[in-house]
Amino acid sequence: MSSSHATNPPAAATSIPFKRILVANRGEIACRVFRTLNALGIASVAIHHRVEARAKHVRMADQAVEISGETPVAAHLDGRQIIEAALATGADAIHPGYGFLSENAGFAKAVVAAGLTFIGPDAATIALMGDKISARNFAAARGVPVAPSVMPTQDIDAFARDAAAIGFPLLIKAAAGGGGKGMSIVRSASELTQAARLAASEAQRYFGDGRVYAETYVERPRHIEVQVLGDGQGNAIHLFERECSVQRRFQKIIEEAPAANLAPELREAICAAAVRLVAAAKYRNAGTVEFILGADGRFFFLEMNTRLQVEHPVTEMITGLDLVRAQIEIAAGHGLPMAQGAVAQHGHAIECRICAEDPAREFLPETGAVRYLGVPEAEYLRFENALDPGQKITTDFDPMLAKLVVHGPNRDAAIARSIAALKELALLGVTTNIDYLARVLGHPAFRAGDLHTGFVAEHREALVIDQPTPDVLHQALIAAALGFREFHDLAFSVPEPHASIGQWRN
Amino acid sequence: MAFKLVLDGTLHEIDIVRRRPHLVVRIDGCEHEVSVTGSYDDGRQAIEIAGSAVHFARAHAADRLLLRLDGRSFEAKLLDPRSEETGGGQDSVRAPMPGAVVTVHKAVGDQVSRGEPLITIESMKLQTALPAPRDGVIAAILRSEGEVFDKDEIIVRLEDMAQES
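These protein sequence lines are chains A and B, in that order.
Quick note: the first sequence uses this note's numbering, first residue 1, plus one each step.
Quick note: the second sequence uses this note's numbering, first residue 1, plus one each step.
Just so you know, not all the hints are guaranteed correct.
Here are the simulated lysine-lysine pairs, DSS-like style, with alpha carbons at most 25 angstroms apart [said to hold, decoys possible]:
(1) B/Lys-77 - A/Lys-392
(2) A/Lys-252 - A/Lys-132
(3) A/Lys-109 - A/Lys-282
(4) A/Lys-423 - B/Lys-77
(5) A/Lys-132 - A/Lys-109
(6) A/Lys-282 - A/Lys-132
Rather than coming from a laboratory, the hints here were simulated on the basis of the structure.
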């Protein structure tokens with residue numbers, strides 16, 4: 001369904017110079033890229049480790065090449081083998097998907113050196129954005145806000161002076177620190193010198209290094225990121241923002257576009273900052289600029305991801321663009337799909353990441369097998385996955401099994417449709433977070449758009465799955481009993497004379 | 001007679017009260033008429049209880065049944081009617097077949113997690129680790145290394161849930 005909403009202008013699809021593209025990935029994202037290749041009439045090549053020889057992404061591609069490695073993940077990280085596979089199959093370009101080698105500057109360089117096109121930015125840009133310090137400095141120099149900080153020092157008075165100039169609240173940390181030692185939150189100038197002295201003495205005691213530094217403390221931070229497209233010539237547009245504040249184990253589980261309750265001026269400022277950064281870097285490809293947004297409206301650059309993002313479908317749903325197609329056309333030198341003013345926005349989209357994990361056990365990964373997969377269908381819904389009946393769910397790869405992406409005319413409708421779809425979705429044979437996701441979406445704070453990265457921890461108790469009502473419990477027991485041969489036989493298959501006597505058989 | 005069903009770790013009894021003209025079952029003292037009983041196959045199903053349609057998805061996985069009903073997932077297991085289990089089938093580890101104990105991995109008083117191997121047995125030249133059925137504390141290990149046992153014999157007991165705080 002991914003392309004059904006796509007309204008990329010009927011660019012020069014026919015003149016795309018790529019005849020065959022290798023996708024250096026697997027699972028749902030490989031399948032996602034193949035769909036666009038099929039739509040564009042470009043031949044596809046899959047790669048796979050021995051353990052996934054019959055996987056969906058392998059079957060979906062026109063050709064497949066086995067790659068080897070000590071583990072399946074190691075195989076997918078072996079750039080040399082992947083480039084050889086591309087050359088051997090006559091591919092002219094490599095799409096890296098997300099994860100694996102997608103942000104590996106050395107791989108991007110090697111792909112180009114082999115005479116192939118890397119569907120992504122050039123190696124130097126990947127390296128620039130891949131290093132937190134260089135990315136931060138680059139952003140700051142282009143007027144993109146970065147969290148103010150005061151460098152480590154032992155001169156407490158100078159430190160207090162500089163720190164007070166940043167503003168409050170501030171987080172004071174030991175330069176050599178860790179584990180919360182020597183850390184404190186300071187909310188006013190009057191506390192500052194005292195707190196700095198205390199932090200310095202703790203730092204000295206625990207780490208033998210009394211230097212402390214301070215940075216702006218963002219309370220209840222929201223994760224807001226901007227989808228961008230750059231043509232590599234200094235032209236860039238944004239496709240609005242996404243909010244990805246609902247996270248567990250520092251990973252996103254629910255993403256949406258647009259962000260809830262974002263003041264129009266603030267939204268414009270964040271998107272403009274992202275475009276400024278991308279244009280200055282002469283960035284080529286789709287990319288994502290991530291920000292932290294404080295409750296006070298201040299926002300700070302976090303990092304830039306120089307690849308297609310897991311949550312890109314929510315942006316596709318509200319803009320009607322096919323981002324994979326945009327990536328390919330940009331890599332082919334066709335430039336941006338449209339001018340900024342032509343980027344449309346329709347309604348609201350939410351993505352839920354369906355993971356093999358147990359929310360009741362700190363979200364630890366679960367294993368199992370796909371015994372039954374029942375997926376709701378609707379024109380407003382995408383179920384991105386590469387699952388097959390009977391497929392074993394192991395810990396070989398990431399626990400994300402699928403993505404449920406739902407569109408609605410507004411946020412309330414998108415939430416209601418998402419909850420209904422999660423309830424209808426049946427993935428039997430492995431413990432998943434499906435019910436947990438439905439509880440998050442149904443929580444009043446989520447509905448109100450009161451989000452921050454501590455959401456899962458803050459609402460921990462309220463998000464515990466409640467007990468079924470006695471009615472539902474009895475329905476489940478009857479439904480289960482009818483599935484057991486012993487019960488079924490006794491209830492139905494016994495010949496009539498025995499049926500009235502009932503009870504035991506041998 | 002009552003079927004013993006363990007649903008998500010809790011033991012329930014379900015009785016067949018009548019079969020004609022419609023199936024009537026009793027659960028916790030409540031009788032339910034099941035007028036449409038669906039098929040035995042895996043997949044989406046609709047049954048009718050007290051005249052109302054109940055939709056669900058169901059799949060068989062070895063001796064367990066997996067259910068998706070009312071936006072919830074359930075796991076069910078049918079207990080052997082000869083079983084003396086009262087604790088929901090979760091308080092002890094039974095031998096799935098006759099054999100001998102190869103290795104005892106835990107000791108009485110050990111805290112164990114669901115799925116953790118407690119004991120390795122050998123039956124018909126095959127070694128199998130018997131996992132803990134739930135989180136708990138080991139109350140007794142009834143067979144030591146080298147000893148033989150029969151099918152369904154209790155090998156390891158866990159402390160009652162009620163005794164753990």
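Structure-based check of all given hints:
1. In summary, the hint linking B/Lys-77 to A/Lys-392 is supported, as the alpha carbons are separated by about 21 angstroms, within the 25 angstroms threshold.
2. Between the alpha carbons of A/Lys-252 and A/Lys-132 the distance comes to roughly 20 angstroms, so the proposed pair stays at or under 25 angstroms and holds.
3. Taken as a hint, the A/Lys-109 and A/Lys-282 pair is honoured in the structure, with Cα atoms around 17 angstroms apart against an allowance of 25 angstroms.
4. Between the alpha carbons of A/Lys-423 and B/Lys-77 the distance comes to roughly 23 angstroms, so the proposed pair stays at or under 25 angstroms and holds.
5. Restraint check for A/Lys-132 and A/Lys-109: the C-alpha separation of about 20 angstroms stays at or below 25 angstroms, so the hint holds.
6. For the proposed pair A/Lys-282 and A/Lys-132, the alpha carbon gap of about 18 angstroms is at most 25 angstroms, so the pair holds.
Against the hints set out earlier in the document, no violation occurs for any number.
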